[in-house]
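If you're matching them up, the sequences are chains V and C in order. In terms of full-length UniProt numbering, the first sequence opens at residue 1 and continues consecutively. In terms of full-length UniProt numbering, the second sequence opens at residue 1 and continues consecutively.
These are computed hints drawn from the structure, not numbers from a lab. You may find that some hints are simply not true.
Calculated cross-link-like contacts (lysine-lysine; reagent style DSS-like; alpha-carbon spacing at most 27 angstroms) [as the list claims (entries may be wrong)]:
#, chain 1, residue 1, chain 2, residue 2
1, V, K314, C, K366
2, C, K471, V, K151
3, C, K512, C, K524
4, C, K525, V, K174
5, C, K471, V, K194
6, C, K212, V, K21
7, C, K219, C, K471
8, C, K525, C, K5
9, C, K251, V, K314
10, V, K174, V, K194
11, V, K174, V, K21
12, C, K251, C, K436
13, C, K219, C, K251
14, V, K21, V, K362
15, V, K174, V, K127
16, V, K151, V, K322
17, C, K436, C, K471
18, C, K212, V, K174
19, C, K471, V, K362
20, C, K5, C, K512
21, V, K247, C, K284
22, C, K219, V, K127
23, C, K60, V, K151
24, C, K436, V, K174
25, C, K436, C, K524
26, C, K508, C, K519
27, C, K60, C, K219
28, C, K484, V, K194
29, C, K436, C, K219
30, C, K471, V, K174
31, C, K508, C, K525
32, C, K366, V, K21
33, V, K174, C, K219
34, V, K314, V, K331
35, V, K322, C, K508
36, C, K436, V, K21
37, V, K247, V, K261
38, C, K212, V, K247
39, C, K519, V, K127
40, C, K5, C, K519
Chain residues, written in single-letter form:
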Amino acid sequence: MKLTGLLALSALLGAALVNAKHTSNWAVLVCTSRFWFNYRHLANVLSIYRTVKRLGIPDSQIILMLPDDMACNPRNAFPGTVYSNADRAVDLYGDNIEVDYRGYEVTVENFIRLLTDRVGDEMPRSKRLLTDDRSNILVYMTGHGGNEFLKFQDAEEIGAFDLADAFEQMWEKKRYHEILFMIDTCQANTMYSKLYSPNIIATGSSELDQSSYSHHADSDIGVAVIDRYTYYNLEFLETEVRDTSSKRTVGDLFDSYTYEKIHSNAGVRYDLFRGGAEAARSRLLTDFFGNVQDVEVDLSKNTTLEEDLLSLSKTIAALHRKAAEQEATMKNNATSERRAQITGQKKTQFAKPLTDDNWWTKKILGATAVAGCAFLWGLSSFLEGPGR
Amino acid sequence: MTPRKQPPPESPSDIRRRTHVILSFWLIILFLGLPIWWWTTTIYRARLPLQEMLEWADGKACRPVFPLRISIQANSLQEQEAQNLLRLTQHALDDLNDFSGHHLRLQLSPPSSDAKQTHDSGSALTIRLIPGETTTATLDPLEPVLDITYPPNAIPLPTSSSSTLATYVAAQLRSTFAEEQATISYLLSTNAIPSEHRPQGLSPEAAESLSKRTTRSLKYAPTYHLTFSLFTSGPLPSSWDIEAAIDEYMKPVLDVLSPIHNFTIDTQVQLYATPGVQNQVLNKEDLSSFINAAEWPLSPSIGGAPTINFIVFVGNQTIAAASQSPEDASGSESSAAHSWLIPQWGTVYLLSLPLDVTHLSVASLKQPLLTFTSHLLSLTGTPQSGSLPLRLSTLARIRSADLLLRASSTLGSLARLALALPSISIPRSVADGVAKTMAHLRLACETLGGAEGLAHARIAEAEAERAFFEKSMVGQLYFPDEHKIAVYLPLLGPVAVPLVLGLINELKAWSKRRREMAKRGEEKKRE
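With the sequences and hints as input, model every part of the structure.
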């Protein structure tokens, strides 16, 4: 009897843990390439940024990494704007954009620091990923990549192993509930092949030895403005997911990928997800791209209860204060007596180094160096002397 | 045709010198170069007490036990009678209790003459037994005191083995602490504590409501920023008496919470604010997108503490009756809801005002602020049943258990990480942090339930977080072998070729010389 109860309980808890809803949505949108001819990568990221913002994720929960500033590039024929379509209907840059990491701040180290939250005290909250075990995270990356790496800014690269380890550290510290990982780069599917942490759905634009192609160029801007994979993702999100009440699922989005559209084989990985492909495919797109909050509408209640609470806390606070005062006076009496005894023997404080670790070692090292120099000088002058 | 000219024979001293040169090169490489290379490229890994850390995470190192002392005050009873009653009640309690982590222990407090000064701070609850007509129980609203009246015939005889009064007191105690017990057992169950420590009999409904409550409340932080924002749909009202209103309607609760949390307060006003949803009547789906996150400045990112937002929106929008909970929807139109709570974030209050109001007075802010105050309590995770003092002391206990479990699980994460990633560096400060965490965890575990326990748990949690998020424990961890070759070969190849070839030549020459010496020796012998 007891055993069955226990089993039922553990089954129930297991179910509760699986079905637990997320409470916040975060997005990490990373572009990794600089320079004008990579205009499309910035446009990719900015159009995803617009989409998640349209679906309600606030700027404080979007981490946007842009290595270059296309809007202010001297070659830009339309200064101050970035477009992801030749019809130039939507200015992605607009007047309301919050770039968290810009220019040379976009490095592999900063990206890993962001994911694992290993940052110093000087880092403002707006540049940190303050997620917990109830946060869903959309991670979108774009740039130039190859087999199991993604290049950052022509200078360095992040490997698939590093990315997998970073996600694992996040999982260990309970920093996410579920992750949707999207990557649009050449040989993108190799980037998520090394992931091993649970509850991640991953998708990429192209297989090993396949390129990821751009969709079209704008002849006035003079370069390609968007990549095919991102373009068709956006098309789906804009036509099918018009607001947060949309019931479209992740599976619907993945089914819309075809070779004819993307010109490469988009990949999907479900095996890390708890519940496998079925559970992963049934997740709503707004679980990752939108900000769905389970609000609680107040019951219209009489206010006397709250007023009672208020008056109660007033009296309790007064009581606390009284008790604290009593204690303080008692302590004061005690300390003043003690102080009277102590006053006779006052001490002067000496100047102290701020940190005293290795203080002596450093002194000895310095002294040795000076002595060594002096010895060398003496030796050389001694050797020079007889020859003269 | 002359034979090819041979170089002059080398003098033995030259040969010896060359040997010395080559040898000294190799000696420097082996005894200076290699150790320096080794020393500069090894990753420093401080020793961590991994086994112990994992034990904490598995709940083996500390069994969170809350021994709650409950003193019984029975001024009108004889010492003997009171002892007897206490014994019977304790028996009844032990029979009812199936969760060993949460244990109620009764004690008899010395009868005091002063009826007012009843509660002593060491115990969680005081039961005041007062003779009366019928058996009743009431919680004192100001102090953690449970008043129980009993009819004169309810006093158990010294010989009886059971008593209705004792059973009654036990049942009252159990129902008073039911919520706390459920919350703590829920916390334990979600933190992978081995099942024998877990209580049984958490009903599905209870588990669900608890999970809902824990989702709603914010993660513990020593300080919270409270941001009060006034957004208006038009040009008016443009000012509000928020300071006076906070002092009047919220300050007392903040004072009461001050042993557990600190609060800082900011306010702002924004005119012509457009909400995220323009509908006249707001459905439940609209409410979650009502906040215009893109345009309202709601993430001030002040300091390092989390922000709780309280928003008063002046406009003429209303909440649809259907979105309210069913039992409430039956109410009349006039009692429609004005506010909603967003889990872990804050509250929005819709205030409709006549068009010409330019200034929000304290009186008009009363209702919103009272709502905010009660939401603040639920956002901080205060339990809902019982009297306020009891709720607060329960909150302190729940928070210390929560912090203890979180610090333990962080230790476990760090230990598993250190095992899983052999190439991650572990600086000494991490080891120090771990040691400090464990010391404080041990103290917290011993003093669980009191104010001291909360303080230790708080320090332990902060230290564990700092150790886990150590800034220098980052960097690229994985280097493929191709990379290593690509880095080392251009550097060491040109240096290594002459060195290795020189050594090989020298060895060859040496063996040749030896062979010649041997041959000559044999010849000499033969002669």
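Task: Unsatisfied constraints (hint numbers, rising) - done: 4, 8, 12, 14, 16, 23, 25, 32, 35, 36, 39
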